[in-house]
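K.L.:
Here is how the chains run, residue by residue.
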Amino acid sequence: MSLNTWLLLTPQLLVALGVVCCLLLISWQRSQQIIAWFTLMVLLVTIVATVSLVGQPAVHVTELLYVDSFSLVAFLWVLLAGFAAVYMSKAYLHSHLEVHDEFYLLLLLTVLGAGVLVASDHFASLFLGFELLSISLVGLTGYFRHQRHAIEVSFKYLILSASASSFMLLGIAFLYSQTGSLSFVQMQAESADNMIAQIGFLLFIAGIGFKLSLVPFHFWTPDVYQGSPTPVTFVLATISKSAMFIALAKCFYVEGFQTLIALPSIHHALSALAIISMIVGNCLALGQNNIKRILAFSSIAHMGYLMIVLLVHQQQAILLARQAVLFYLFAYLIANIAIFGVLVLIERERNVGNNIELSHWKGMFWYSPIKALVLIVALLSLIGIPLTAGFIGKFYLIILAANNALWPLLIALIVGSGIALGYYLPMIFQLFKKEVVTMSHMTTWRIRLWISVIFLLSIGVGILPDMIITPLLNF
Amino acid sequence: MIILLMIALLLVFALLAWRVEKYFIQAPKVVALIAVVIASFLFCFQLFQAEHRFEVWTVIVDATWIEAFNIKLQFSLDQLSILLISLTLLLAFIAIAISWQEVSERQGFYYFNILCAIAGIIGVFAASDVFLFFVFWEVMLLPITALIAIWGHENRYFAAVKFFVFTQVSSLCMLVAIIMLAFMHQQQVGQFSFLYSDWQQLAFSPETATFLMIGFFIAFAVKLPSVPFHSWLPDAHTQAPTAGSVLLAGILLKTGAYGLIRFVILLFPNASMQFAPIAMTLGVVSVLYGAKMAFAQSDCKRLIAYSSISHMGFVMMALFAFNYNAFNGAIVTIIAHGISSAALFCLAGMIYHRIHTRDLAQMGNLALSAPWMAGVTLVFVAAAFGIPGLANFIGEFYSLLGVFAVSPLHALLAALGMIGSAIYGLRLFQTAFHGVKRDNTSTKIEDLSIREGAICLVLAVLLFLIGIYPQVLLQFTFQGGY
Numbered sequence: 001m002s003l004n005t006w007l008l009l010t011p012q013l014l015v016a017l018g019v020v021c022c023l024l025l026i027s028w029q030r031s032q033q034i035i036a037w038f039t040l041m042v043l044l045v046t047i048v049a050t051v052s053l054v055g056q057p058a059v060h061v062t063e064l065l066y067v068d069s070f071s072l073v074a075f076l077w078v079l080l081a082g083f084a085a086v087y088m089s090k091a092y093l094h095s096h097l098e099v100h101d102e103f104y105l106l107l108l109l110t111v112l113g114a115g116v117l118v119a120s121d122h123f124a125s126l127f128l129g130f131e132l133l134s135i136s137l138v139g140l141t142g143y144f145r146h147q148r149h150a151i152e153v154s155f156k157y158l159i160l161s162a163s164a165s166s167f168m169l170l171g172i173a174f175l176y177s178q179t180g181s182l183s184f185v186q187m188q189a190e191s192a193d194n195m196i197a198q199i200g201f202l203l204f205i206a207g208i209g210f211k212l213s214l215v216p217f218h219f220w221t222p223d224v225y226q227g228s229p230t231p232v233t234f235v236l237a238t239i240s241k242s243a244m245f246i247a248l249a250k251c252f253y254v255e256g257f258q259t260l261i262a263l264p265s266i267h268h269a270l271s272a273l274a275i276i277s278m279i280v281g282n283c284l285a286l287g288q289n290n291i292k293r294i295l296a297f298s299s300i301a302h303m304g305y306l307m308i309v310l311l312v313h314q315q316q317a318i319l320l321a322r323q324a325v326l327f328y329l330f331a332y333l334i335a336n337i338a339i340f341g342v343l344v345l346i347e348r349e350r351n352v353g354n355n356i357e358l359s360h361w362k363g364m365f366w367y368s369p370i371k372a373l374v375l376i377v378a379l380l381s382l383i384g385i386p387l388t389a390g391f392i393g394k395f396y397l398i399i400l401a402a403n404n405a406l407w408p409l410l411i412a413l414i415v416g417s418g419i420a421l422g423y424y425l426p427m428i429f430q431l432f433k434k435e436v437v438t439m440s441h442m443t444t445w446r447i448r449l450w451i452s453v454i455f456l457l458s459i460g461v462g463i464l465p466d467m468i469i470t471p472l473l474n475f
Numbered sequence: 001m002i003i004l005l006m007i008a009l010l011l012v013f014a015l016l017a018w019r020v021e022k023y024f025i026q027a028p029k030v031v032a033l034i035a036v037v038i039a040s041f042l043f044c045f046q047l048f049q050a051e052h053r054f055e056v057w058t059v060i061v062d063a064t065w066i067e068a069f070n071i072k073l074q075f076s077l078d079q080l081s082i083l084l085i086s087l088t089l090l091l092a093f094i095a096i097a098i099s100w101q102e103v104s105e106r107q108g109f110y111y112f113n114i115l116c117a118i119a120g121i122i123g124v125f126a127a128s129d130v131f132l133f134f135v136f137w138e139v140m141l142l143p144i145t146a147l148i149a150i151w152g153h154e155n156r157y158f159a160a161v162k163f164f165v166f167t168q169v170s171s172l173c174m175l176v177a178i179i180m181l182a183f184m185h186q187q188q189v190g191q192f193s194f195l196y197s198d199w200q201q202l203a204f205s206p207e208t209a210t211f212l213m214i215g216f217f218i219a220f221a222v223k224l225p226s227v228p229f230h231s232w233l234p235d236a237h238t239q240a241p242t243a244g245s246v247l248l249a250g251i252l253l254k255t256g257a258y259g260l261i262r263f264v265i266l267l268f269p270n271a272s273m274q275f276a277p278i279a280m281t282l283g284v285v286s287v288l289y290g291a292k293m294a295f296a297q298s299d300c301k302r303l304i305a306y307s308s309i310s311h312m313g314f315v316m317m318a319l320f321a322f323n324y325n326a327f328n329g330a331i332v333t334i335i336a337h338g339i340s341s342a343a344l345f346c347l348a349g350m351i352y353h354r355i356h357t358r359d360l361a362q363m364g365n366l367a368l369s370a371p372w373m374a375g376v377t378l379v380f381v382a383a384a385f386g387i388p389g390l391a392n393f394i395g396e397f398y399s400l401l402g403v404f405a406v407s408p409l410h411a412l413l414a415a416l417g418m419i420g421s422a423i424y425g426l427r428l429f430q431t432a433f434h435g436v437k438r439d440n441t442s443t444k445i446e447d448l449s450i451r452e453g454a455i456c457l458v459l460a461v462l463l464f465l466i467g468i469y470p471q472v473l474l475q476f477t478f479q480g481g482y
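Chain order of the listed sequences is L and B.
Numbering follows the working numbering, in which position 275 of the first sequence is assigned residue number 275; successive positions increment by one, without gaps.
Numbering follows the working numbering, in which position 256 of the second sequence is assigned residue number 256; successive positions increment by one, without gaps.
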């Protein structure tokens, strides 16, 4: 392998190196502060490395990985999410007595797993990334073992992700039996018309569907979201989902799979999956009181919307679809950083543990306007109101759906967005309700700075999307 | 540049009004008033400075916004937009004046919302890049929703959600149509374009045109509102604070009418001509249904809200008659209804401020203690049911005249709506000001203050002016000369 090949793999290698160094660091000196700052440093260096690599010509790194700008930008999103997660955890872990080295280690491993996933070009590497991600997440979800639901949540996630991976393995085996290859690029188009291959493909989708919590594989989502520590929920919502989706998209846009997806039966199955995810996810979120549960259901719907990009066929549309995936995931990431960031702060202020309810942010607009404003912008972005990043994301989806004549999906998108207003708006109104008791609230300059950055980012990307599109997504 | 400057100025002053509350509790309303005054001056300046009379849609601001999709920051003006922006600025004064003493809680954020809403509405009337239009169309909803949800009456959250869901879902239909058009432009010309002027060059098959037209039609019919999509209106208008109702009835509904003219009738003339019988029928149904429902209400704001549905039915019917007279009638009705319904909502707000109820059964014999208010109310009620000499008469008369030439049956049925409006209008006036309360007591209220009197006077003078000398409006052409 040439030097250039290794160069393109630098981000993943840096994170792996970071993991090793973390282990060494733990055996040398156990300190909460040092490890947290070290993890942040590793992520920061990796972010810089990734940004500088975007735009390089695409390269196969062995048969397993394929690094192009698409996967680099996707990894960049993952790293940003990881950075935010470490930052949140720093605030979150502060309140506990133990030294939490392992937490950061697991977090880095999750990022590494996501890094393998977004670069994978082979079922073996996909599975590797999948498992690395899941197993570290199992550790993370149950990390605070003394908390009420920790063990239950961790077990639920373990069992469901294990069954998901067995589904996926079976699917991969079926596909392999028919095509004789595990590599995406070597997938043969002729085998598409084969029952076994089709079933294998659907099983594979089912496995990934568990992770994306598409309906009907969504049952773990609300419980795990609610029971996990908030930074971990954030990781589940962003890193895990975006990496999974990118892996799926990479595999869908390969020519060998295109013929398979173009088959009416597969196309209908995927459309149905998307449509019920949009509708059911949104309907289930109505009437919930626990904020993390609402976010869990809304994430189901958002993954359903995003499925639209997987169903396009023409070559030209695929270029746009890649942009759409990355933009949508970015918008979703920013909104989640804002919401979860504020949630972590509120949990600390109010000492409510994991059970943060809507009533806990009642009247926030009047006593802590800056936090409330960030939340409002994030929620509007999730709704898809113009001048937020979420709108441009939705705009991309509608362009794709309309151009590829995916009318049922488009109708479901509109109906789903309508239903979604039924829980997003009450969330916003809650912020404006009159508050009876005034709480103590911390607004140190650090928090202010952090919140302002997110606020400017979400508004900025919404008003001038060229900021992201031109340098990062034009390839 | 002036339009952009006006919008920016309103937004900056909105922020200022919000922040300044911390230091001077009474300052926000003054800031808001100053902002609207300056914006109006800027607007007049632009009009007098220009050499032409804006007979065609003239581009006045043009800049690139989002390169990736070739979206422009383009504003244009013609006489229709100028007229509607003037109405917006007028009602902005009224909305600020009516809230002057009514709103005491959280004034800063209140005026922030009012100014943002006005900025958004001006943007809607002036944007000629359709993406930009859509952005303003959506963004103006947020402050109005906030006005309903924060300063509204007892059932405000429900009303706000309902209002938002209706408009949001319908505007997504419009967004799909917008994107389809931009995509068709890409297929025919080679790149995305959201410019209205580019779209006029597009060629499409009749079926495509019909589908696209319906996408736009739904969004505007919800806003107008026309009958199957009207149910958000009574709730939103009733629950909103007075200034919110004034903005909703006075201008927001007109954005629907404006959209119908600009994006349905002018962009898809053939498709809308085929669709016209359905649209006219919807209009007639709205006229009759609105009148019937208005008659049955006991809540005075709800009554006025239903009467709005009835009047906007006239607009819908007249627009789709494709007749010169009817079109002019529709324009006059838009303006007249904007003024008269704003006035009625102001009066309802004044009564609510005094006796804290909107229930007609709780009123009665108010004329005894407030003769001036009674007299003024009679003027506006009379305007609403179309007494000759007031603006609404001109609008409805022209509409009916034009529609009669096209479809006598529609005109005949709609004329019944005018009788209906006389019945509910007189009922409103009679029960509130002259009837006896159920328990035979009478409420004593204060008469109009100078501020309230001035508001009513301005609106009444305008109604009389248009009613007696309609040439003030009819001298302009609104691209309606088909």
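It should be emphasised that the hints constitute simulated quantities derived from the structure, not laboratory data.
From the three backbone atoms N, C-alpha and C, an ideal C-beta is built for every residue, glycine too.
Worth double-checking, as some hints may not be accurate.
To be verified - Below, a sample of chain B positions facing chain L; criterion: calculated Cβ distance under 10 angstroms: (1) Ile38; (2) Phe41; (3) Phe93; (4) Cys173; (5) Ile179; (6) Met180; (7) Gln274; (8) Phe275; (9) Gly389.
K.L.:
With reference to the structure, classify each hint as holding or not holding.
P.N.:
Hints versus structure:
1. Ile38: Violated - the Cβ of isoleucine 38 of chain B stays beyond 10 angstroms from chain L, reaching only about 24 angstroms at its closest.
2. Phe41: Result: violated, 28 angstroms to nearest chain L Cβ.
3. Phe93: This hint is violated: phenylalanine 93 of chain B lies away from chain L, its Cβ roughly 27 angstroms from the closest one there, beyond 10 angstroms.
4. Cys173: 7 angstroms, holds
5. Ile179: Interface hint status for isoleucine 179 of chain B: holds (5 angstroms vs cutoff 10 angstroms).
6. Met180: 5 angstroms, holds
7. Gln274: 22 angstroms, violated
8. Phe275: Violated, because the Cβ-Cβ distance from phenylalanine 275 of chain B to chain L comes to roughly 20 angstroms (cut-off 10 angstroms).
9. Gly389: With Cβ-Cβ at 44 angstroms, over 10 angstroms, it is violated.
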